[in-house]
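Mind docking chain U on chain B? Use the hints.
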Amino acid sequence: MALATRPDQTKPAIPMKGTGPGLFGIRRRNRSRLVIAVLLSLVSLGPLLYMLSLSFQPNGGLLGATVLIPTHPTVQNYVQAWTENSFSRYFVNSLIVSVATVVITVVFASLAAFAFARYKFPLKELIFYVFLASLAVPNLLLLIPQFLLMDRLHLLDSLFGLVLLYVASNLPFTIFLLRGFFEAIPREYEESFRLDGAGTLRVLVSLIVPLSLPAVAVVSMFIFSAAWDEFPVALTMINSGSHYTLPVGLADFIGVHTVAWGPFFAASVIATVPVIVVFLISLRWFRSGVSLGAIR
Amino acid sequence: MASITLEGVTKVYPNGFEAVHGLDLHISDGEFMVVVGPSGCGKTSVLRMIAGLEDITAGTIRVGDQVVNDVAPRDRDIAMVFQSYALYPQMTVAQNIGFALRMKKMPKHEIEQRVKEAAAVLGISDWLDRKPTQLSGGQRQRVAMGRAIVREPSAFLMDEPLSNLDAKLRVQMRAEVARVQKRIGVATLYVTHDQIEAMTLGHRVAVLRDGVLQQCDTPQALYDHPTNVFVAGFIGSPAMNLFEAGISAEFGSLSLGSQRIALSSDAIRRHPGLRRYGGKEVVVGIRPEDLHASSGGSFTSVITGEVELVEALGAELLVHFSTDARVVQSASSERTSGEEEPRMPASGSTADCVARIEPGHPVRTGDQFKFSVSPDRFEFFDPTSGVAILD
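Here the protein sequences come in this chain order: B and U.
When we follow this note's numbering, the leftmost residue of the first sequence carries the number 1, and every step to the right adds one.
When we follow this note's numbering, the leftmost residue of the second sequence carries the number 1001, and every step to the right adds one.
Simulated from the structure, these hints should not be mistaken for lab results.
Take the hints with a grain of salt, since some may be wrong.
[To be verified] Interface residues of chain U toward chain B, partial, derived using beta-carbon atoms under 10 Å:
1) 1051
2) 1053
3) 1071
4) 1085
5) 1086
6) 1089
7) 1099
8) 1167
Here the structure is a predicted model, which is why all the values come from computation and not from measurement.
From the three backbone atoms N, C-alpha and C, an ideal C-beta is built for every residue, glycine too.
Looking at chain B on its own, in the form it has when it is part of the complex (with noise of 0.2 Å):
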């Protein structure tokens, strides 16, 4: 066939030093970059995939387990994990509060950033600067004060109150992440849609947000992993087991005397897929990234 013949156009006639062809094809100067970034990966992906393995190892061989992929796989521990301890009730509660605590911080934040973006009003800076420097509190120092208000709000042990504490925790850097973004945006399309007959929520919902979609993929995909991984003020704002979210309920796998490794890492590897999903459902945006070029 005439393809299979023609001559490499991109290969140089007299190979570079450090650039000509190697093992596999890969170009010498590109082989060590490619070890870094494998061993890179390993330590990333290492202990997800020793997670992984272990789930599906039987319980009694698991802490002797020394080969990644087990000799007598089994799908036990999974279904253990999801029909004891209520599994399945701590999934859907941290379900519910993660994506409420996403829809509600980013919308607040959309308002809250536009409103920096793109209005002047008394004290805009000194506000928003406020907002950023409540990033500097570490969250631990807060859980006091937190749960005193809670408990004063009569907000305890109930997921509204945690996805509050929640949103509020996320607020400030999603407004900054999104107030950079906003601003980036020309002038000319809001004045364009305000001359073609939109008020301001209608500009904020129907221009600013759909061109801002790759920055609230990246907020709402950070917002929900934090949520959904949050432990410390879940355990100590929740007190019952039916209200437990998926890290407290994880907590419970770990008895006083015995822990069920084989389902505590099957729960595990359960508890990871939603962040995965979300990750790759945001990666979308990330990569077709809504062009501005409509703009000379």
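Leaving out everything else, chain U in the frame of chain B:
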């Protein structure tokens, strides 16, 4: 459809900069008014105030009979084409064009029909499903126009809509803009820094300088009777040559440096005010096209200059020359020129003058060349105020 009226409109920005000063302007229904001026002259501020995108500091703006000073942009029924087009990137061409109609809650089938009609007028029917990023500059420009005309607005504002196009496409789209404006027939205010666009498009042209209206008239009147040195230097390409000159006490001649030019009785009759300038200095303006290579006929006088540069444009020669007469630099000389403007080297003499002559004449750099002129084609200005000397 409505007229637009500005009465004493002033705009002072929070930093104290006065962009527009006491502007009076009336754009009749169906009229194509072009506001032209150099960068920073306040022309875009005028447009934005009419659109409602900027508050006005003083004065009144009317659309039809309604004072719109405090009316929100969306309630003014004014469409605008932005310099950057501002097409919404998340929407298709059809959605872009139909957006204003959706905001008016028009039935879907009617929106579709009007979008198709507007697209047909502008020749963009094949691109309705594309996103703006998939279009070229000229196509985007058409979509921006489509978005404005589909609304059938009371008035139409355009902010340098052709400035992002290359020279060839700009000429093509200029004709397109004129055609569309004629078809929709609403009051149109078009802002540009390009005097060629202004001259070719506008029924009337308003020349703005430092926020002050210099002259508002038909393109031909601006060209023939500029009201002051600024307009004289701004309108016309290449710009009018402006010299310091002396009028003899008996009005018989004009001294341009060491050269004397006989003033005809016609010139005095056309500018009776010159009688006040006997024995005094004036600024004389000579259009490049009024300097000729051939002699005889109606040309009664001659100006001799040293040729510094010859630009052969095919249909004509632009001859840059210098004389010992002092050249007056109009404040408009920094204007951004149109595509037909000749370019001089940065080291060009401040005494640079330009003549536009017929091709075929043997003109060479360094020559002492005699240009024939007819003094009754000259324009005269007061050297202190810069105002045209007429009556």
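So, going through the hints one by one against the coordinates:
no., hint, result
1, 1051, "holds, 6 Å"
2, 1053, "holds, 5 Å"
3, 1071, "violated, 12 Å"
4, 1085, "holds, 7 Å"
5, 1086, "holds, 4 Å"
6, 1089, "holds, 4 Å"
7, 1099, "holds, 5 Å"
8, 1167, "violated, 16 Å"
Going down the numbered hints, you'll see the structure goes against 3, 8, while the others check out.
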